[in-house]
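S.K.: My request is simple: use the sequences and hints to build the entire structure.
Line by line, the protein sequences are chains A and B. Taking this note's numbering, I'd label the letters of the first sequence as residues 1 to 111. Taking this note's numbering, I'd label the letters of the second sequence as residues 1001 to 1114.
Calculated directly from the structure, the hints in this document are not laboratory data. By construction, the Cβ of each residue, glycine as well, lies at the ideal position given by its N, Cα and C atoms. Errors might be hidden in some of the hints.
Unchecked claim - Pairs of lysine to aspartate or glutamate, DMTMM-like flavour, derived with a Cα cap of 25 Å:
{"hint": "1", "chain 1": "A", "residue 1": "Lys69", "chain 2": "B", "residue 2": "Glu1044"}
{"hint": "2", "chain 1": "A", "residue 1": "Lys98", "chain 2": "B", "residue 2": "Glu1062"}
{"hint": "3", "chain 1": "A", "residue 1": "Lys68", "chain 2": "B", "residue 2": "Glu1044"}
{"hint": "4", "chain 1": "A", "residue 1": "Lys42", "chain 2": "B", "residue 2": "Asp1063"}
{"hint": "5", "chain 1": "A", "residue 1": "Lys42", "chain 2": "B", "residue 2": "Asp1107"}
{"hint": "6", "chain 1": "A", "residue 1": "Lys98", "chain 2": "B", "residue 2": "Glu1014"}
{"hint": "7", "chain 1": "B", "residue 1": "Lys1024", "chain 2": "A", "residue 2": "Asp2"}
{"hint": "8", "chain 1": "A", "residue 1": "Lys42", "chain 2": "A", "residue 2": "Glu15"}
{"hint": "9", "chain 1": "A", "residue 1": "Lys98", "chain 2": "B", "residue 2": "Asp1030"}
{"hint": "10", "chain 1": "A", "residue 1": "Lys68", "chain 2": "A", "residue 2": "Glu15"}
{"hint": "11", "chain 1": "A", "residue 1": "Lys98", "chain 2": "B", "residue 2": "Asp1107"}
As the list claims (entries may be wrong) - To give a feel for the contact side, a few chain B residues facing chain A, derived at Cβ under 10 Å:
{"hint": "12", "residue": "Val1004"}
{"hint": "13", "residue": "Lys1024"}
{"hint": "14", "residue": "Tyr1035"}
{"hint": "15", "residue": "Gln1037"}
{"hint": "16", "residue": "Gly1042"}
{"hint": "17", "residue": "Leu1043"}
{"hint": "18", "residue": "Leu1045"}
{"hint": "19", "residue": "Gly1059"}
{"hint": "20", "residue": "Phe1065"}
{"hint": "21", "residue": "Pro1070"}
{"hint": "22", "residue": "Phe1074"}
{"hint": "23", "residue": "Pro1102"}
{"hint": "24", "residue": "His1104"}
{"hint": "25", "residue": "Asp1107"}
{"hint": "26", "residue": "Gly1108"}
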Amino acid sequence: EDQVTQSPEALRLQEGESSSLNCSYTVSGLRGLFWYRQDPGKGPEFLFTLYSAGEEKEKERLKATLTKKESFLHITAPKPEDSATYLCAVQVGSLPGKLIFGQGTTLQVKP
Amino acid sequence: DAGVIQSPRHEVTEMGQEVTLRCKPISGHDYLFWYRQTMMRGLELLIYFNNNVPIDDSGMPEDRFSAKMPNASFSTLKIQPSEPRDSAVYFCASTADRRRQPQHFGDGTRLSIL
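M.R.: What follows is the structure, encoded as structure tokens:
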């Protein structure tokens, strides 16, 4: 069965304290891995897509990496505005249809 | 550019009533998805359409749920009759049928069934 597991469930950081979020997956044929950010009361907001092991993407303080079994979202010198829930999703199948989401990591960055 | 638009943003109704959620996808997007988000189960795909045709409805929980897409700019998700366990946030998302395009989400409808 296709499965996506994110850890930790919750993470508290001080402003400037770098860390990483993990997304491990077990799927039959990964077509793509997506990272989203979700703020309270809002829909998920797209951050990155990764397609092959070794691929990396960066945006401001965020960097996403991918291996054959997991992905990491590295947060460098986070700020309070980075506080949100970060969701990982994997695409299965050839159509841009089925995304299987992890449960998310809720990040709180304190000033 | 306008994003995915959902209405209503909040809906509170009594058990047994019919509920209709609405979605307008991003113009030019030919895939539309309906998701449900709960604390227990996270974000789950209910059904998705391609060019207004349902492709996969295996996530629809039961016959009380139905979805339609009468044209490229409008979709509905209907629950009849509604039950308290249907309480959740329902999201609509859309994407274009081009390689490596992500899904873009609306801000959801928070549904409470009393």
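S.K.: Now, for every hint given, state plainly whether the structure supports it.
M.R.: Here is how each hint holds up against the structure:
With a C-alpha separation of about 22 Å, the suggested pair A/Lys69 and B/Glu1044 falls inside the 25 Å cut-off, and the hint holds. With a CA separation close to 19 Å, the supplied pair A/Lys98 and B/Glu1062 stays within the 25 Å bound. A threshold of 25 Å between alpha carbons decides the hint, and for A/Lys68 with B/Glu1044 the separation of about 24 Å falls inside it, so the pair holds. At roughly 28 Å between alpha-carbon atoms, A/Lys42 and B/Asp1063 are farther apart than 25 Å, so this suggested pair is violated.
Proposed proximity of A/Lys42 and B/Asp1107 is supported: the alpha carbons are some 5 Å apart, at most 25 Å. A C-alpha spacing of about 32 Å is found between A/Lys98 and B/Glu1014, which places the hinted pair above 25 Å, so the restraint is violated. A distance of roughly 30 Å separates the Cα atoms of B/Lys1024 and A/Asp2; the hinted pair therefore is violated under the 25 Å criterion. Our distance criterion of 25 Å between C-alpha atoms is met by A/Lys42 and A/Glu15, whose separation comes to about 23 Å.
Restraint check for A/Lys98 and B/Asp1030: satisfied, since their Cα atoms lie roughly 15 Å apart, inside the 25 Å limit. Restraint check for A/Lys68 and A/Glu15: the C-alpha separation of about 31 Å exceeds 25 Å, so the hint is violated. Taking the CA atoms of A/Lys98 and B/Asp1107, the gap is about 20 Å. The hint holds against a cut of 25 Å. Hint on B/Val1004 holds. Least Cβ distance to chain A is approximately 7 Å, under the 10 Å limit.
A least Cβ separation of about 14 Å between B/Lys1024 and chain A goes past the 10 Å threshold, and the interface hint is therefore violated. The beta carbon of B/Tyr1035 comes within 8 Å of a beta carbon in chain A, closer than 10 Å, and the hint placing it at the interface holds. The closest approach between the C-beta of B/Gln1037 and any C-beta of chain A is roughly 9 Å, which is under the 10 Å cut-off, so the hint is satisfied. Interface restraint check: B/Gly1042 against chain A, minimum CB-CB distance 5 Å, threshold 10 Å, status holds.
Taking 10 Å as the C-beta contact cut-off toward chain A, the hint placing B/Leu1043 at the interface holds, the least distance being around 4 Å. The interface hint given for B/Leu1045 holds, since its Cβ lies 6 Å from the closest Cβ of chain A, which is under the 10 Å cut-off. Taking 10 Å as the C-beta contact cut-off toward chain A, the hint placing B/Gly1059 at the interface holds, the least distance being around 9 Å. Because the smallest distance between the Cβ of B/Phe1065 and any Cβ of chain A comes to about 18 Å, over 10 Å, the interface hint for this residue is violated.
At about 20 Å, the closest approach between the beta carbon of B/Pro1070 and any beta carbon in chain A exceeds 10 Å, and the interface hint on this residue is violated. For B/Phe1074, the interface hint is violated, since its Cβ never comes within 10 Å of a Cβ in chain A; the closest pair sits about 18 Å apart. For B/Pro1102, the suggested interface contact is upheld, since its CB lies about 4 Å from the closest CB of chain A, less than 10 Å. About 6 Å separates the beta-carbon of B/His1104 from the nearest beta-carbon of chain A, less than 10 Å, and the hint is met.
The interface hint given for B/Asp1107 holds, since its Cβ lies 5 Å from the closest Cβ of chain A, which is under the 10 Å cut-off. The interface hint given for B/Gly1108 is met, as the beta carbon of that residue sits about 5 Å from the closest beta carbon of chain A, less than 10 Å.
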